[in-house]
Structures are given as C-alpha cells and as structure tokens.
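*Asks:* Starting from the known structure of chain G, arrange chains L and W on it as the hints suggest.
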Amino acid sequence: MSRATASLPRTVGAHAALLAYTAIALFPVVVIVINSFKSRNAIFRTPLSPPTSETFDLIGYTMVLNQGDFFLYFQNSLIVTVASLFLVLLFGAMAAFALSEYRFRGNTLMGLYLALGIMIPIRLGTVAILQLMVASGLVNTLTALVLVYTAQGLPLAVFILSEFMKQVSDDLKNAGRIDGLSEYRIFFRLVLPLVRPSMATVAVFTMIPIWNDLWFPLILAPSEATKTITLGAQLFIGQYVTNWNAVLAALSLAILPVLVLYLIFSRQLIRGITSGAVK
Amino acid sequence: MGSLTIDKVKKSFGRVDVLKGIDLAVNDGEFVVFVGPSGCGKSTLLRIIAGLEDSTSGRVLIDGADVTVTPPANRGIAMVFQTYALYPHLTVRSNMSLGLKQIGTPAAEIDRRVTAASTMLSLEPYLERRPAELSGGQRQRVAIGRAVVREPKLFLFDEPLSNLDAALRVNTRLEIAQLHRRLKATMIYVTHDQVEAMTLADKIVVLNAGRIEQVGAPMDLYNKPANEFVAGFIGSPRMNFIDAAKLGEGQAKTIGVRPEHLTVDTGSGAWKGTVVHAEHLGADTNLYVETEKAGLLTVRIFGVYGAEAGSTLYVTPDPQRTYRFDADGKALA
Amino acid sequence: MAGEFAQQKKPIRWHIAVFLAPAVLVYTAVMIIPLFGTLQLSLFNAENQQRFFVGLDNFRKLFGDPRWSASFWNALWNNTWFFIIHMLVQNPIGIGLAALLSSPKLRFSAFYRTAIFIPTILSFVIVGFAWKLILSPLWGVAPNLLDLVGLKSLFTPWLGKEEYALTTLGLISVWQFVGIPMMLIYAALLSIPDEVIEAAEMDGITGMAQFWKIKLPLILPSIGIISILTFVGNFNAFDLIYSAQGALAGPNYSTDILGTFLYRTFFGFQLQTGDPYMGSAIASMMFLIILTGVCIYLFTIQTRLRRYQF
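Protein chains in written order, with the working numbering: chain G, 1 to 279; chain L, 1 to 333; chain W, 1 to 310.
Calculated directly from the structure, the hints in this document are not laboratory data. Think of the CB as a built atom: it goes at the ideal place given N, C-alpha and C, for glycine as much as any other residue. Treat the hints with caution; some may be incorrect.
[To be verified] The calculated DSBU-like cross-link candidates involving lysine-lysine, where the alpha carbons are at most 35 Å apart (straight line), are:
| # | chain 1 | residue 1 | chain 2 | residue 2 |
| --- | --- | --- | --- | --- |
| 1 | W | K105 | L | K10 |
| 2 | W | K215 | L | K153 |
| 3 | L | K101 | W | K152 |
| 4 | W | K61 | G | K166 |
| 5 | W | K132 | L | K184 |
| 6 | W | K215 | L | K10 |
| 7 | W | K213 | L | K153 |
| 8 | L | K330 | L | K253 |
| 9 | W | K105 | L | K20 |
| 10 | L | K153 | W | K105 |
| 11 | L | K8 | W | K105 |
| 12 | W | K213 | G | K166 |
| 13 | L | K101 | W | K213 |
| 14 | W | K161 | G | K166 |
[Claimed, not checked] Estimated spans, in silico, between C-beta atoms of each pair:
| # | chain 1 | residue 1 | chain 2 | residue 2 | range |
| --- | --- | --- | --- | --- | --- |
| 15 | G | L109 | W | L216 | 33 to 43 Å |
| 16 | G | D170 | L | G295 | 37 to 47 Å |
| 17 | L | T274 | G | K166 | 44 to 54 Å |
Extracted from the complex, chain G is given alone in its bound form:
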C-alpha cells in the first residue's frame, strides 16, 4: 500500500500485536524444549533461561530412549498414519472423481451422504465400532486403527477433492476420451497429477488428527505392541509424572516429528487453505 494509504502507527501496532501473540503461541513449546536439556536443579531454579554449559544435561533423553518402546510406538504411529493417509487419498480421490465427473442418478444424494461425516464425529459410534472390531478379531491391531481413520478422513477428503476436480478442464478429459483412454486411465493419468497440490492439502488436514489422536488408540489398540506414540507418551508421562527430566524430554520428542512435518508442509497447507479449498 502506498504512503498515502498506509500509516506508521497502524503498521507498528499490527506488528506489536502479532509479535505478542506469536510469543504466547510459542512460549509453552519453547519452555518445554529448553528445559528438557537441563539438569533437574536448573529446571526448577531457572526455568526461563536456556541451558548453559553448566546446566546442560541430557539425562531426560537417555531415560526416555532407554525405555526402548518409543521406537516401536513411533513405528506404529507411522504405519497407521501413512496407511490411513494412503487409503484416504486413494479412495477419496476416486469417489470425488465419480461425484464430480459423472452425472448419475443419486449423485447429489451420495455427495450428501458422504458429507454427513464432516459434521457428525465418528467418535459417537465408538461403542459399536469396538463391538465390530471385537467381532472381527481386529482389537489390538493396527488394521483397526487404519480402518477407523480411513473412514474418519474420507468425508472431508471427498468434499475438498471434488471441489478441485470440478476445476480440471473438461476439454482435457474429453481429449483423453477421443484418444481412446479408459475412464480409469483418465483418472490416474490425467486428473490425479493435476490435483496433486490439493492432495497435499488434504494430506496435511488428514494427517494431523490421526497422528495426534488419543481416543481410538486408547479404546481399540491399547496393547503394548500396538500403542501409538501419542498414547505411549500419555502413559509414559502419567507414569513418570514426578520425573521432570523424563517428562520434558518425552514431550520434546513428541513435539519434534510433528513440528518438522509441519514446517515442511506449512506452505502447502496455507496455499491449500487460501486457494479456497475449505471455505
């Protein structure tokens, strides 16, 4: 904006407010992380200062990592998240293509049916989901979690992706048809590559709640072999609640992977939101 329309106090005020809120947003994270690198005494004596050479201590991390199970939990979370994500994107894109590309009887109804899950949380069906999993012998398996998360992620994925697929040019698809491509090839070869950016957006939206979920791991797969990192961290921290070093280190370790993923995908996420996918 030009000099004539901008005012200095307003700009300074905007920065001050945003900086203040950024500090509020980051403060707890920063406090946790810096204290995780300090000795027990320093944690209590000077909680707000960063670790110095005297107070630097990795005891919390060695304690957590000696627990050993964390690698298994991490692996479980990774398997569950990646598998659910893959299924959500594949099935979601296929359904979105069918809904946006073809006119058939019940099209609108099917769209509404699938959109129902955006508003009604899957958790309300937990009682029956558990019974279903017990009946099919899937309790305490990662498959149970993958199935639930796929169902949970599909409604929003279908909704967002069909919005994007409507924007893919009809001429392109018709050119494919004239060239003799089957509908499947048109979907996989022409449409999917074009909506890849929106797939990334959907991926971020789907991934975060799955990785962070506590409810279903707690209910469907609480066994030692199938614990996710979120559930593992919850239990570990509950158990070691008086061991501050271990708790802070565990929290920092739990923050790290999500933070890295977020920083990698944040541009994608913001582009996805601002391109109007979820308005």
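*Replies:* Okay, now just chains L and W, sitting in the frame of chain G:
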C-alpha cells in the same frame, strides 16, 4: 477546479522501471485518455494519481496543491475500476452513498445526489438491488454513479469498458462521453483500445515503455504522429512501414503510409503486387498485397472491392499522406 | 437413425461404481453403521450376558436417576461453557489476527502465520501436559512470569481449583486452536478483490471503518462455518481434558464434559464397571445435540448468510 499536474513522476518495482519520468499537465474540464500497449505503465500512472500507489519520485498536484502523500479519499477524486469493484453486500443505493455517509454528508444531500446520479444513468429501477442481481453494463453504470455522487474534481477511469461485450462497450462509451459533456468535469481515462481513445478524448497521451511518446488531440496524433510508435499505434488497420532504402529514399530510414491512403488499380500504379488475402467487411475492404518493391502492404478500400487472392494489382500511395521516420523512429518534417 | 439409438439401452457405467465403492464401503461399514448401531444399542440393556430391548429406559435412567442426571447436566453445562469460551475468546482473537495478517504489504506475515498455527498441530497430550507443567505451582514458571509483571499475588494453581479449572482448560484449548479460525478468516479476507478494497480507500473508508463496513460483512459466511466447526469440535472434545485432568475430569468433576463422561460410562472407572448401553445412550444424546446444532446452522443461519460472487 480540476486541473492536474504530474511533475517528473518515476516509478520502479524493484529493478524494473515502470515509469521513467512523466511530466504532464491536464486542464480543468479536459477529457484525457492514457493509451498504450499492456505494460506501458498507464495503469500505474493512474494509480499514482489516485494515491493507490506510491511514486518512487516526483509530485502529483491537483488544483495546484501537492497531493503526493494525501490519502486517496482526500484528493477530491473518484475512480471507476475495470472490475467495477462494487461492494457486493450493499444495494446499489448504499454502494453510491457509502462514501458520502463516511464523511458525514447530510442524508437529504446524499439522497439528492443519489437520485440525480441514478436518473442520469437510468439506474432508478435498480436502486434497491444488489450488484449480483445486475448485468455487467448495469454494474458498470453503478460504478460510474458511485463516482458521480462524490462530485469529484477529477474522475479516473481504469479500463472501464474492457469487461463488457462489444455492443455494450459502444453504448457505455457514448454514455461516458455524454457524462463528460454534462458534468464538464476533468476526466482521466486509461485504455489500451485506440478506438476508445480516439472517440472519447480531448487529449490523448500515448505511453510506451514508461515514457510519454506524444500528447495531443486525436486528429493531431493521426495526422502528425511524432514518431513511428505513435504512427503505428493510432489508426486501424495499422500503418504500413516500408524500408526507405527499397524505395530509394535518401534521408529517411522508414516510410509510413496508412492503409486508407493507398489506392489500387488493375492497370497501372507505383508498386506492382499480388493479393495475398482479402477481407470483405462490407463498408470497406482490406487487401493484403505482396508488392515487389515495397513488401507486404495493407490496403483499405472504402466500399466493396472485388479482388480475390492471387490477382495482380498496382498500389499507389497518396504522396501528400506519407510519413518519413529517421533511424531513431522520429518523424521527419 | 435417432430411433435406433434411442432403442439401445445405455450401457451400465460400471466405472462409476468402481470409483465409488471403496470409499462408500469403508465409510458405511466403519462409520455409518456403527453410528446407527450405537443409537440402536442405547435402546438395549443386558443381564447375565443376555441382551434385551428396554425401549427408552436408558434415557429414563439418564435423566430420571438423580446421580446420572446430575452428572449429565453437569457435563452438558460444562461443555456449553467450554463452547462459550471458544466463541467469545477463540473466534474474535482468530478474526483479529487474520485481519492484522491480511494488512497489505505486511512484512513477516508468513512467519507469524506459521508460528501462530504451531499449537494447532500439536497433540492434546503435549498441550495438556505442557500447560499442566507450566501452571504447576511446583515448577513455578507461571508464578515467575507473573512476578515479572508484578502480579505474583494473582497466581493460584488454576487447574487444581474447581472454580477455575474448566475456564483454564477452555483457554488452553483456545490457545491451541486459534490457528484454525485465523487461517480460515485469513483466506476469506484474501479472497476479497483488491479493487473493492481500493474502492473503499477512494471512498474514504479506511482502517477500522473499512473492517466493520466492508470486510466483516464479506467474511460473515466464513464466520458462520467457523462457529459450527467450533460447536462440533467442542461437543466432541475429550482428549485435552483427559490428558490434563484424567478420566475423572477433576477436581471433583468440575471439568467433566460429554466426551469424558461418555468415556467413563463406557469403560468404567474405579469401582463402577463399564456400561456400553448407558454409554450408547450418552453418545446418542451427543449425536442429538450436535445434529440439532448443525441443523440450526444449516437451516436458519446459513440460509441468511449471503455468499458473494466477486
């Protein structure tokens, strides 16, 4: 009340110089059109006058007062945007009155001005509608009405007709011309369409690559273009440019002849050539003739002319109406 | 010719079914059927491993039995308060931040955006414990901070006090989720064409007037969507309370919301054994509440909010 002076205005975006020093004086009541190809800086110049964009250096004066750092609303101007930029949540009436309300104009006065403007622009039936319920032409009239009610010293139009279809464009052009005649206000109008420029302007400013190429009345630019660029930009179809060396002309680098200043004959003439293509428009005929001596020429003939591709013709220029340009493109007397 | 074609039956387009089948099957089997299964289960009870139909008895118990109804109304009121906090604090802050972020030519806006969104991506477990530690009187980060501004006397262990705990958790949740309204409103503000804003500048509508008169009316539909998302999210919340206060939603159930109430009823706690039938009844009530909210939004609010074509 309504004069504008632009004093050595320069504008760069990063390392790109968009305006390379513009000086211009606009008199009260004048209709001035900025015309030029896309990217010539005409819209940037308009936005600097409006105060929506900063100049890198230089001053803008309205009625002699320096407004370089005055907020747009206090410059006594009004602007009509290319995309109309109507407030979608407000009715036509509110769209027109919002700015007046903001400065605390009495309701009766607002009402009077809105009524006057909507009568002038035949918008009365639509006053309570929202922009989404209007056609493109109606929206554009609302945008003009919103400018009119502010009773500005200076009207700014940023390519206001480019989103309208051809027929509406002619109508709205006419309305803008009438508006100018009635209000006698100073108007600055940006377009890339030289027909709009020729039909509306008291004074045309031809811009190219951040510089003013020529300022003048429409017929001055047509009859006495200052350089090759203006000669080629004004007039349609475009002026023919012929390498002077081919014609054995000494001083000039290039010779220019407008298509309407060429005549054709089947028997004899200056340059012998073959018709490559003929466009029959009814009122006139455009012939593209490949001549042996002067290269490919466009010839405009009034009325119907029965020539088909492949036929041989002789083309003769009107000696009174040829232009000479030197190596820098400057027109030679 | 035409007649010939008309007589031919259109071939069944199997590919449509193939494209739809996987999503519809998983979604129906794992989400919709259990959802209705739960609703159905709320009409049953069991004794000695025998399930039998009891009609609305579970609901009668939920509302008639003083112990059950007290817990339910406590959870519902707490949940409502939780929602009110979000509506009054989270959404205005989110809108304010978005308005600041969208000011033209604001430097570092990508940095602010990224940083303010970070809490949203963290899991409830991290958020719950991190704040528990920070607010803990044992550690002293919060008292230390208050001391810096001379307000140390204000400190109390907020999470441990019945009268503050729920509000504190609500504010923690606001801290975590403010990024979502911020991003959605930010996107809505960006979609307002520059020329409309410039027209407002020309009309002399600048600063706060511009926000109230031009921008806010244009982002109302987005605010509506955010409100309903907040509603659904809040009445479905569980994790944060569970992480910070445990299944008992202490102190003395003062932070109990429908999610934790459902969990305790379903799985049992301490001496009480889990009861899937009463759990289903609570889930059905939650379903009803959320459905009512969504319907109110869809049929009364959304129809009045205009979406504008620019």
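*Asks:* Need the list of violated hint numbers for this structure, in ascending order.
*Replies:* Checked against the structure, the hints that fail are numbers 3, 4, 5 and 14, while the rest are satisfied.
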